[in-house]
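Trainee: Take a look at the letters that make up each chain.
Number of protein chains: 2
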Amino acid sequence: MNSNNIYLDYAAATPVDKRVLTAMLPYFSEKFYNPSAAYLPAKHLRGEYETQKGLLANAIGAKAPDLIITGGATESINLAFTVLKQNTGHCLISSIEHAAVRESARSYSAGNFDEVKVSTTGLVDLVDLRQKIKEDTILISIALVNNELGTIQPLSEISRLLQEVRESRLKEGNLTPLYLHSDASQAMSLLDLSVARLGVDLLTINAAKVYGPKGIGALYVARGVKLSPVTFGGGQEMGLRSGTENVPALIGFATAAKLAKEHLASSRRQYQDFTRQFKQIIEQESRVAPLWLGDPKHQLVNFVPVCFKGLDAERLIFKLEDLGVYLSTGAACAASKGQKSHVLSAIGLSDQEIAGSLRVTFGQGNQLEDVKKAAHLIAEVVNQEAKRLKLV
Amino acid sequence: MNSNNIYLDYAAATPVDKRVLTAMLPYFSEKFYNPSAAYLPAKHLRGEYETQKGLLANAIGAKAPDLIITGGATESINLAFTVLKQNTGHCLISSIEHAAVRESARSYSAGNFDEVKVSTTGLVDLVDLRQKIKEDTILISIALVNNELGTIQPLSEISRLLQEVRESRLKEGNLTPLYLHSDASQAMSLLDLSVARLGVDLLTINAAKVYGPKGIGALYVARGVKLSPVTFGGGQEMGLRSGTENVPALIGFATAAKLAKEHLASSRRQYQDFTRQFKQIIEQESRVAPLWLGDPKHQLVNFVPVCFKGLDAERLIFKLEDLGVYLSTGAACAASKGQKSHVLSAIGLSDQEIAGSLRVTFGQGNQLEDVKKAAHLIAEVVNQEAKRLKLV
Chain V
1 MNSNNIYLDY AAATPVDKRV LTAMLPYFSE KFYNPSAAYL PAKHLRGEYE
51 TQKGLLANAI GAKAPDLIIT GGATESINLA FTVLKQNTGH CLISSIEHAA
101 VRESARSYSA GNFDEVKVST TGLVDLVDLR QKIKEDTILI SIALVNNELG
151 TIQPLSEISR LLQEVRESRL KEGNLTPLYL HSDASQAMSL LDLSVARLGV
201 DLLTINAAKV YGPKGIGALY VARGVKLSPV TFGGGQEMGL RSGTENVPAL
251 IGFATAAKLA KEHLASSRRQ YQDFTRQFKQ IIEQESRVAP LWLGDPKHQL
301 VNFVPVCFKG LDAERLIFKL EDLGVYLSTG AACAASKGQK SHVLSAIGLS
351 DQEIAGSLRV TFGQGNQLED VKKAAHLIAE VVNQEAKRLK LV
Chain D
1 MNSNNIYLDY AAATPVDKRV LTAMLPYFSE KFYNPSAAYL PAKHLRGEYE
51 TQKGLLANAI GAKAPDLIIT GGATESINLA FTVLKQNTGH CLISSIEHAA
101 VRESARSYSA GNFDEVKVST TGLVDLVDLR QKIKEDTILI SIALVNNELG
151 TIQPLSEISR LLQEVRESRL KEGNLTPLYL HSDASQAMSL LDLSVARLGV
201 DLLTINAAKV YGPKGIGALY VARGVKLSPV TFGGGQEMGL RSGTENVPAL
251 IGFATAAKLA KEHLASSRRQ YQDFTRQFKQ IIEQESRVAP LWLGDPKHQL
301 VNFVPVCFKG LDAERLIFKL EDLGVYLSTG AACAASKGQK SHVLSAIGLS
351 DQEIAGSLRV TFGQGNQLED VKKAAHLIAE VVNQEAKRLK LV
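Top line first, the protein sequences correspond to chains V and D. The opening residue of the first sequence carries number 1 in UniProt numbering; numbering runs sequentially from there. The opening residue of the second sequence carries number 1 in UniProt numbering; numbering runs sequentially from there.
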């Protein structure tokens, strides 16, 4: 990345942290063995793999045997949804889930799924959730942090609600299991994840959003939850995900998770400061009043999604890119297909408001000066566009 | 790897070539963008990804849109077998396929599969193959190079045979499609692969066996072959393998494929020399006559599988490891579970012969001196064991 440019799209991709890459390097060359081989250096490598898997598991309050290492968040999510192959039934997702959850729900439930409403700030409506749980609902999948709004869901409350359902099912002799999965892809760099505290049965985590390498993710699976394999073969990862272990990537993931945990408090303080100053500058300088999206009380601190009503976000992005500021309208995979954001639609924005919405997400590479400069530039471009459109 | 040690298990894993790693490095840090993002640097990255995918495709005589990038060979093989989700029917594999093919055949055909016999050198029996093709056979999966014997299958002959079957089906009004898949994981470093010449409809290739990174593979898919997704989500890789593209790994894979192609002739000459001298030393010094396995006329030149009848290969490996020589009995994932090699069983070896068999595979890190030293050490250890067991 050119150092003069300001990248504000850390929710789409994070660079690999130098310390992560340094930790990975020996595993490409010297320690390249197949960890299933029988000679000592390969066995040592197996040991290192399991130790690092244990450290990664620890980062979310779990143990190594609870984690299935996958090729990324999408695969982890797909693996979670295979509970619907073990038990045919209904599933529930929020109306603002990522495509990986939406498409998995559609596919693995063979269309037998519903979406739970969210508030205008993107919080899951617990009353609607309770009402939509059917007799045969098996899986509920709610992302911990929404990838467009940064809204943090009250997962432990949802978990308690599910516990009540489980208990009432037990009384009625209904033996249908009920599992809670959460896609925590966006969360790991800034939240202290604990599977016990969250009350989840299944949790997706992802290296590529926490300054680790692309191509590796993990699924936490609580004891007793039965899944079906995503790939068949040599039987690695307890038979659920066959294929030679990607040792360098796992080392990178574990290192990235450890670094995130160590810097959690300082990162949060830093991004709080960024967010405050960024908003202040926009509010002072923009002649179109910004509509800050998401839930100010429950929002990941590096997320600043914002709507400039009446403007065209695509044009803003285009003009900002010329000025060296990189940001997006929403999920990259959706944006690339020109799809209207289903997330912004679900929180009740009008088509005009959706068309005027940007997603700003801060990250490690940003300095306060960059953030302030970006805010000035965004306000400037907003004002130019507003003038052009004769809105001001 | 300690430079005093001699690694002779390149069929299990290859280290990442320095030039491959160098090519990958910028994509971890500077060029880390999500290739689906809308700003210019991300679009450039998308361009680079597609260009490199095209180069990788070229290496097997295909074009970028014919390749689906996956998380490795196992996933590619699983994806190939999803043709059985599109058309319910029978499939055929050889009796010496890797676990990924065997388990995929079992699972995707719901048990409706047969195994084709092989000769004592591991060549597929074409008469048996023809006889086992049923009216509803949809998929035939035969590895180009066997991972234990190095035997190279006559794929183009098999392809011609399938063409005859297709034509006779057409005459009979049988519209069942018939596809040929080959797992070429072991082949890329020493064979000039061409999908047209091989006559395959589906071809699995894998970076981790060709001095590229772990965690990436590809499946060549001929036009018109319909597959089902292995993962659902953002719709990447033509909807067959959703998940953010692993750009650094793809760059590494394409670079590794290019290097392999450039050095094909010289690598072959080198390994031919290694193999000749290695066999000569063993034959001269070993007091147990070596039984060279596989097909001398159709064998990948870096494969030297050998049986020392009456000895225990596990013990040989253990003793050789103490002397710094690393080799294996067969496929690492099977060996780690203590399974008897189904490959050696299929070529008609007795249990005693199987128990005395080693797989030696040469690679980039070997020098002629290492190879000769290893041969002397193997003969020495064989002789010690033979003496201990009073065989000589």
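Just so you know, the hints here were simulated from the structure itself, not pulled from any lab data. Please note: incorrect hints may appear among the correct ones.
Because identical chains cannot be distinguished in the list, a pair is counted as satisfied if it fits within a single copy or across any two copies.
[Claimed, not checked] No farther apart than 30 Å at their CA atoms in a straight line, the calculated lysine-lysine pairs in the DSBU-like style are these:
| no. | residue 1 | residue 2 |
| --- | --- | --- |
| 1 | LYS372 | LYS132 |
| 2 | LYS85 | LYS390 |
| 3 | LYS63 | LYS279 |
| 4 | LYS373 | LYS134 |
| 5 | LYS340 | LYS18 |
| 6 | LYS132 | LYS319 |
| 7 | LYS171 | LYS261 |
| 8 | LYS31 | LYS261 |
| 9 | LYS279 | LYS390 |
| 10 | LYS171 | LYS258 |
| 11 | LYS43 | LYS340 |
Trainee: Does each hint fit the structure? Answer for all of them.
Mentor: Structure-based check of all given hints:
1. LYS372 x LYS132: neither (44 Å within a copy, 71 Å between copies)
2. LYS85 x LYS390: neither (56 Å within a copy, 56 Å between copies)
3. LYS63 x LYS279: For LYS63 and LYS279, the Cα distance exceeds 30 Å both inside one copy (40 Å) and across copies (48 Å).
4. LYS373 x LYS134: So LYS373 and LYS134 fail the 30 Å test inside a copy (51 Å) and across (69 Å) alike.
5. LYS340 x LYS18: neither (36 Å within a copy, 44 Å between copies)
6. LYS132 x LYS319: neither (44 Å within a copy, 64 Å between copies)
7. LYS171 x LYS261: neither (41 Å within a copy, 66 Å between copies)
8. LYS31 x LYS261: Answer is both; intra-copy 26 Å and inter-copy 25 Å each pass.
9. LYS279 x LYS390: within (24 Å within a copy, 85 Å between copies)
10. LYS171 x LYS258: Result: close neither inside a copy nor across copies, 43 Å intra and 64 Å inter.
11. LYS43 x LYS340: Cα proximity of LYS43 and LYS340: across copies only (20 Å, versus 50 Å in one copy).
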